[in-house]
Structures are given as structure tokens and as C-alpha cells.
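Novice: Build the full structure now, drawing on both the sequences and the hints.
Chains as they are written, first to last, in the numbering used here: chain Z, 1 to 322; chain U, 1 to 272.
There's no promise every hint is true.
If you want the footprint, here are the derived chain Z segments under chain U, 3+ residues with CB under 8 Å [said to hold, decoys possible]:
no., segment
1, 49–62
2, 146–157
3, 162–172
4, 301–311
It is worth saying that the hints were derived from the structure and are not from the lab.
The beta carbon of each residue, even a glycine, is placed where N, CA and C say it ideally should be.
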Amino acid sequence: MRRAVERRTGGTELMASVVGTFTVDPRARAAAAKRRNRGEGRTAWAFVSPSVVIILGLSVVPVLWSLLLSFQASDLVSPSRWVGFANYRTLAADPLFREAVGQTVVYTALYVPLSVVGGLAIALLLDRKIRLIGLYRTLVFVPFVVSAAAQGVLFSFVLDPEFGAANSLLHQFGLPAQGFFSDPSQALYLLVAISLWSGTGFCVIVYLAGLQSVEPELVEAARIDGAGRTGVLRHVVLPSLTPVTIFLVLFQAINALQVFDLVFVTTKGGPLGSTTVIVYFIWEKAFKSFTAGYSAAAAYALAVALLVIGVMLQVYQRRVKR
Amino acid sequence: MKRLPFSPWHFVLAPLALLFALPLLWLLVSSVMSNSEINRFPPALWPSRIDLDGYRFVLGNALFPRWFLNSLLVSTVAVTANLVLGSLGGYAFARMRFAGSKPLLGLMLATMVIPFQLTMIPTFLVMKHLGLIDTLGALIVPSLVTPFSVFLFRQFFVSLPRELEEAAWIDGCGRLRILVSIVLPLARPALSTVAVLTFLSTWNDLTWPLIAINHDTNYTLQLGLTTFQGQHHTQWAAVMAGNVITVLPVLLGFLLAQKAFIRSLASSGLKG
Chain Z
1 MRRAVERRTG
11 GTELMASVVG
21 TFTVDPRARA
31 AAAKRRNRGE
41 GRTAWAFVSP
51 SVVIILGLSV
61 VPVLWSLLLS
71 FQASDLVSPS
81 RWVGFANYRT
91 LAADPLFREA
101 VGQTVVYTAL
111 YVPLSVVGGL
121 AIALLLDRKI
131 RLIGLYRTLV
141 FVPFVVSAAA
151 QGVLFSFVLD
161 PEFGAANSLL
171 HQFGLPAQGF
181 FSDPSQALYL
191 LVAISLWSGT
201 GFCVIVYLAG
211 LQSVEPELVE
221 AARIDGAGRT
231 GVLRHVVLPS
241 LTPVTIFLVL
251 FQAINALQVF
261 DLVFVTTKGG
271 PLGSTTVIVY
281 FIWEKAFKSF
291 TAGYSAAAAY
301 ALAVALLVIG
311 VMLQVYQRRV
321 KR
Chain U
1 MKRLPFSPWH
11 FVLAPLALLF
21 ALPLLWLLVS
31 SVMSNSEINR
41 FPPALWPSRI
51 DLDGYRFVLG
61 NALFPRWFLN
71 SLLVSTVAVT
81 ANLVLGSLGG
91 YAFARMRFAG
101 SKPLLGLMLA
111 TMVIPFQLTM
121 IPTFLVMKHL
131 GLIDTLGALI
141 VPSLVTPFSV
151 FLFRQFFVSL
161 PRELEEAAWI
171 DGCGRLRILV
181 SIVLPLARPA
191 LSTVAVLTFL
201 STWNDLTWPL
211 IAINHDTNYT
221 LQLGLTTFQG
231 QHHTQWAAVM
241 AGNVITVLPV
251 LLGFLLAQKA
261 FIRSLASSGL
271 KG
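Specialist: Listed below in C-alpha cells is the structure:
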């Protein structure tokens, strides 16, 4: 313990002499360090315990509880009954669950690449010093702060088959009226489009920030070496944006796999189950048909799938780095 | 400001920006249309005159102002609590030595990757056991502090030079005093980031209120809005007026604090 203290004060002393802001007597500093460490544990626990209790209490406890629940038949009210792996077996054979997985995959597979690539393209367009550029950036980003509920209400209105502005516009161009959310072949794609409208701005902002940190020396060097615009983009700009891209792909994928609010407000999973995504399936099983154990099993299946994808990505990333 | 020359890029950028702005513009426009104009076929694309009946209807509704206050209360408490508890926890993890601090921090970080749908049913059960279901408490307790807030504060405090606190230690200042009077005044970027992100996520949340609240006097704006839509199907102007009021606080906050807002989101992305 004392050695640790000495090493630490030695370290800070060195730092202090380098920084040169404060020149304090080393003995006074050692005394202060000693005082600091005495009873430090108790103060530290007082500082962290509210966060620890709330965060762990509302994550670790539920994670374990969910696992237990997935082996039970439960309606959230009456005492639950142990059923072993029955929930998982039913799940594996449930066509509705399979559909929900498929629709979530389609939604994610469209939303993630389109928002990330679109975000990069728009960020490259917006990364220039011209008049009104601040306004353009604001307008592209502003849908991001609109809640999914508000987006849903707004687009249900715009896309109302009878009274909506969208069909009115189509009518003016002489195009046939569309069913939009009432058409099973369109609803899921409309949800992707709305999410792109609101979610691409986030990618734009993160990429714009990333573009600021591309080293001008590298760009200059590439130019001198005779690289054109596309050459600089391909060999300098894009590689230096790779960490940003990886973050965005993960962030957008996590959001896409958990899409719920927008679905709840616009289609409630319909028509004909065509927009029932996984989280909607889980919510419906737990809080509408009151089969909470079954719902917990579905949530666990999804979480394990996410975990596997996450681990695979980590492994892949490490291999690429080598 | 230096005047910049006109650029042909405007021909690309202006339509693009307009595409993103159009739905929100349409939201504003339709909220001041009269119901007869909205329900006409084909619907009018521009109001002939500004009609505030939608707003009058919404604000005169007994529940709507209440939902607004509920949302405001939940978000305010969440922001305040995240700033206080997050900075306390973050400071302890950054600067103080206590048994088990490293594994504890690791565990807290690990909870960030737990998907919400895995915890939503048992969180409902935990809240039920605490007797909080169908009260605003059920909305407040889970949002009091997030691992992200603690982690963000920790990262910021670690990057501050220790020397700033050294003199105060020697003068015998306690940890709390050092945190409040020396560290936090320097931590404005961290404070604003946590405040912005907490407000955005609590104000805009729908899933958890939907699960935790039954009685309509305890609804938040987002939840109220979704039921509003069904109840007043013919009253689209009112629904759109309610929607504008729901979106407005976030939008105004964003426009007022645009720089801090964008910086905090962008940096949360870059450090993630």
C-alpha cells in the first residue's frame, strides 16, 4: 500500500515538474496523499453506490430474471410454472417468430448500409465552405431529434391512403393512389424509408466530425504524389474514416434490430403481420397475450444472436488489424 | 463573416436539404389548417388561412397539458439525476481508490450492451414489486443514471490534469468539495453532453412508458400522442398541433444549442 502511494506521488511529482504549474513541497504532497487514501474507500463507495445500485439492479437482476422467466410459463400476474425448454422448442417452430426474425433482418439489412453510405455521401457533399452550408447541415440533421412516436404520427397522416398529402401529390402527377401502410407489400419498406429520413442525419454529423480529423498533411502528400480527387478519397479519406464507419455500422445495427416505437405508432405490426419485427413480437407476447415466459425466451434468443454477431465482429476486426 | 462566392453545389444541396425538411414543414403547415381543408379530397397542400383551432382543441383538452407536464417532470429529474449521480460515480472511478473498482467499472460498462428487450419484462416486474407501476416513479427510477453517463464523466475526469486538484488536497479539501468547486466547473462539455443525450432519450421514449403506465393521467406526451391519433381520427389538425407541441421543446433546444448538441453527438460517436 505504502509503496503504491509512493509510486503514485512520485508520478505526480514528475508530472508537476513537467507541467510546472504548481510547485508544492513534496513532503506536503505525500502527507496529502496519505490523508487522501485514509477513509477513501468509504467515500468512494458513497459516490458510486447510487449508480451501482440503480444500474446493476436494473440490468444484472433483470438479465438473470429473464433467463429464469424463459424457462417458465408466466402471465406476469399469477404464480409461474417451470416448463424447462418448452418455450424455446415452441419458439423454434413458431412461424410468426420466424417471420419476425426475417422482417427484422430485411429492415436492418436495408437501413444500416443505406444510412451509413448515404450519410457518408451527404457528409462529403456538405463538407465544403459555401454560403448556407450551416442551414443545409441543420436541415439534414433536424429529423434525428424528432421522436419515433412523432414521426409515426406525422407519416401516418402524410401517407393516409384517403386523405394524405402523398396520394394527393401522386394524383397531381397522374400516378395511381397507393395503399402505403395498409399494403402488406409496402409497409416494411416505408418504415425503412422513414427511418432513413430521420436516422441518416446522425451518420452525416458523425462523418462530418470525422472528416475534420483527416490529417491535411496526408491529403497534401497524396496530392503531391499525383492523386486526383477520387484517389485522395479512396486512399486517404476513406481509410482514416474506418473507425467512424465501424462505430456507425454497429450503432445503426443495434438501433435497427431494436426498432419498435415507429412500428407501434404506424402499423402495430400489420397489415397481415408484415411489419412485426422482433421487439414488437416480444412486446406483444409479454404485454398483450400475457405469455411472458415465451416472450422472455424470444428476447433471449435475440440477445444470444446479437452476442454472437458482436463477438464475430470483434474477432474479425482483430484479424483485419493484424 | 466573410461573404463566400456562389457555388453550383447549391443546385445539389438545396433540393437535398429540402427533402429532409419537407415532412417537418408539412407538419407545421397542416397543424394550422382547418379540418375542412385537411379532410377535403384531394387534400389542400397549403392552407388558405391560418387556423389555430387544432391548437385550441389540444390545449383546451384536460389531459394534454398534463402529459406535457409529466414529460417535463420525468425529463428534468432524469437530466438532473444523471448529472449528479453520473459525475459522482465517474469521479470515484476516475480518481479514487477503492476495493473492486476495476471489475465494477467493467461490469457497469458491460451492461451497456444488454439489449433493452431483454430487460424490459423483468424491469416491469421489479417496478411492480416496488409498487411503482402506473406511476411516474416507474418512468423516473430507471432513467436516474445510465452507465453511459458514469462512463462519459469518468473519461472526461481522467483526461483532466491531476495538478488542478493537488493544491486543494493539500489545503485539506474533501473529495466532494474538490469535485463541486474545481472539477465540475471545468467539465462543462461533459455536463452538456450528458444533459443533451439524457433529455433526448427520456423526452422521446415511447416503449417504456407504454409498458409502465396504464392510466391516461400518467401518460407522457409521446404516449398520449399515440392514443390521441386513434381517438380523434377526424381531427387531424388537432393531432398535428399536438405533434408540433411534442416536437417543439427538442427542436427549440436543438436550434438554440446547436453547436453543443452536434458536438456532443458527434464526439459520442467518435469515442464509442
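Novice: State for each hint whether it applies.
Specialist: Verification of the hints:
no., hint, verdict
1, 49–62, "holds (count 12)"
2, 146–157, "holds (count 11)"
3, 162–172, "holds (count 9)"
4, 301–311, "holds (count 4)"
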